[in-house]
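Trainee: With these hints in hand, go ahead and build the complete structure from the sequences.
Protein chains: 2
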Amino acid sequence: MEPVRVGLLGLGTVGGGTFNVLTRNAAEISRRAGRGIEITRAAARDYDPAGLPGIEKISVSDDAFSVVKDPDIDIVVELIGGYSPAKELVLEAIANGKHVVTANKALIALHGNEIFAAARDQGVMVAFEAAVGGGIPIIKAVREGLAANQVEWMAGIINGTGNFILTEMRDKGRNFDDVLQEAQALGYAEADPTFNVEGIDAAHKLTILASLAFGIPLQFDKTFTEGISKITAEDVHYAGDLGYRIKHLGFTRRTAEGVEMRVHPTLIPERRLLANVDGVMNAVLVQGDAVGPTLYYGAGAGAEPTASAVVADIVDVTRVMTADPGNRVPHLAFQPDALTDEPILPMAAIETAYYLRLCAEDRPGVLANVTRILGDKGISIEAILQKEADDAQVPVIILTHVVQEGRMNEAIAAIETLDAINGAVTRIRVEHLNA
Amino acid sequence: MEPVRVGLLGLGTVGGGTFNVLTRNAAEISRRAGRGIEITRAAARDYDPAGLPGIEKISVSDDAFSVVKDPDIDIVVELIGGYSPAKELVLEAIANGKHVVTANKALIALHGNEIFAAARDQGVMVAFEAAVGGGIPIIKAVREGLAANQVEWMAGIINGTGNFILTEMRDKGRNFDDVLQEAQALGYAEADPTFNVEGIDAAHKLTILASLAFGIPLQFDKTFTEGISKITAEDVHYAGDLGYRIKHLGFTRRTAEGVEMRVHPTLIPERRLLANVDGVMNAVLVQGDAVGPTLYYGAGAGAEPTASAVVADIVDVTRVMTADPGNRVPHLAFQPDALTDEPILPMAAIETAYYLRLCAEDRPGVLANVTRILGDKGISIEAILQKEADDAQVPVIILTHVVQEGRMNEAIAAIETLDAINGAVTRIRVEHLNA
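Going down the list, the protein sequences come from chains A and B.
Here the numbering used here is used: the first residue of the first sequence is 1, the next is one more, and so on.
Here the numbering used here is used: the first residue of the second sequence is 1, the next is one more, and so on.
Fair warning: there could be bad hints in the mix.
Given that identical chains are not distinguished, each listed pair holds provided it fits within a single copy or across any two copies.
[Unchecked claim] In the DSS-like style, the derived pairs of lysine-lysine whose C-alpha atoms are separated by at most 25 angstroms in a straight line are:
(1) Lys230 to Lys172
(2) Lys387 to Lys172
(3) Lys87 to Lys69
(4) Lys222 to Lys57
(5) Lys230 to Lys387
These aren't lab readings, by the way, just hints derived from the structure by calculation.
Mentor: Here's what the structure looks like:
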């Protein structure tokens, strides 16, 4: 089957990320989608080809309108951002019968009602997973995964810049202005930070989430928005004294009287998961009447995390264009004829770190013998904890670095033969994870 | 349009929950699905009608095979569990051209390859979101939301019983056997706890996750499984001393040599999100090459959380049966003609708790005046923090209980008129959330 042909509008951070993810993961993605996906055209005023290996193979124009009108394009991916000409381009693409994928929250929050109506009239798809929560598939979760529920409320940390600033203020006792300057230097905040720190970006996203949760039209102008620029280091400190953290929260709830939609600095009890979402990460907590609380966490911005959501939408559209509806999504994520027979590793071949607990006799040289055995097997030690003697027995706890389990089995067998070691060695595996 | 007709196999915990969620949320669900969904038949040996209001309106049989063969049934929902007769019922339903929704992880992990092939041959859908992570839409997230990524690894707390036991052991220094007995008394653990505490249930789920992540056939027999029954209170304690928590983790990773699939007790650094998923809650952390880490958290078991996933699958199937493919999922989750004009509340009408910071002069009676104003407005105080005097100024921090914002505005205006209060009152809203 011919590949699906994508026209990419914008080769900035997210556009470049989308180009790179689709290029790098082309084989894996077509195993999932059941069809190749090719960016055949792109539009950008200026861009850096150095960061886009393979870009020389496609036609890059500075005329985005020529892409949305091109009869050879199946899906238009709008990653220019802002209201105009993004809106005109999206409507023109729809008018030309193209499916549209966009990451543009401002566009959807303000003009989504009009864009969706146009798409329905033309029978094309408009997908916007990347508009909220970057790479977190939160729109799919609410729209499909939680479809059984009456959503009661949603609370989200949905602006990474603001969360980075508040995290730094708390961790280091710094002032808002000071951290903002650093965020700008690091590239987390724009030269004009208003959209991020005054909550406008978060309000765009909250507007979308409220519509998905409650089945109401998009109403950005009714979303209350208060920024974080007036939060002081002392408020952050006092909140901590009381057992709270200050987060810039988007919050929406349905009450008997109506729907609350509001973005503002918010104290959250410090033991809540949302209170521990730090730095540039995002998370959304959804309370459903059947499921209870569910939380979705991940990178809310950045080139490849946002591209992850954009490409997921492209795969969604491709699956509908390609498969019979009932087999739109393959049971095991990949097409049945694209499953592989990769070997499953036996435990002796897996690699992990270990916690070991030994029961040693309290006499000299025991630890030297144990560590020699580990060293001989190439196992390095991260920490040793020797507890107080209990009778003549000393519990010794050892944390190791990562090693192949087969070697660890040999080391444990050797340790258990030592006279001064009583009983079996307790072994629990350790994973450090990264979030 | 005629409602979709569902035949429900099983009226136990999950079957009952599914009946209740579909009944209670019928209106909201049909606004999302674009069509009514009705349970017209059920099969159960015995059940308690007291907990199932409305069950008297449908035909309940003790012959499940008569339901899967009934020509008037569109979707068969298998919530009996176990291998047999669940497998025979599912295959018979498929042979009769029914779509199938199941929560049965044992069935999918062991017989999924065969069941999916039969479904493809018959052109029917088989959905199994509830098989992993209860109400968390983790299968949809991996299969669709993260379709752009090469998944690098996944780590999950995917058995609530085991996590409850380990959480109690850590929080209270208790022994495994002791906590297991309590879990059984609370109904979190079965009389025969083997499937839960020896990791078999988690291994079923991990087998499914590994296939979704890496595009390999289901291979339950190759998943390494080690339970938590040998974890001692002292290991939990020593792990804590070293800055770790012990969790029963399902872990799968693709390496150059092959795929690791393993379920075993695991030390995790205490600051990681997974280390803080406590009690019966579940969570899955997925590392994708584009998106980085994303985490999905929620109730992994229980009547209505599991029903949430079952009903989401029923909605998915109904959407495909009903809509043209491109409009399978409405843009705003609800059908365009089912959006409502619920009012958006002005901020004066919203209800929340507040953090107030006042700058008071250090003289008698000031606090009495402030608390009198709050009391007059019906605002009750949760905590007051009076900091040391800085010159003649004292910062006073007040946490209030929930109140309507309009009243708080009036109270703040009144407080600001007090002679002994300098400058504006700082006001930050407080949300307590629940996870």
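Trainee: The structure should be examined with respect to each hint, and the outcome stated for every one.
Mentor: Hint check results:
1. With identical chains, the CA atoms of Lys230 and Lys172 are at most 25 angstroms apart within one copy only, with a shortest distance of 17 angstroms there and 42 angstroms across copies.
2. Only between protomers do Lys387 and Lys172 lie at most 25 angstroms apart by alpha-carbon distance; the minimum there is 21 angstroms, versus 35 angstroms within a single protomer.
3. Taking identical chains as interchangeable, the C-alpha atoms of Lys87 and Lys69 lie at most 25 angstroms apart only when both belong to the same chain, with a minimum of 15 angstroms there against 51 angstroms between chains.
4. Within a single copy, Lys222 and Lys57 get their C-alpha atoms no closer than 46 angstroms, and across copies no closer than 43 angstroms, so neither meets the 25 angstroms cut-off.
5. When the C-alpha separation of Lys230 and Lys387 is checked against a cutoff of 25 angstroms, the pair qualifies only between copies, where the shortest distance is 21 angstroms, while the shortest distance within a copy is 50 angstroms.
The structure shown violates just one earlier hint, number 4.
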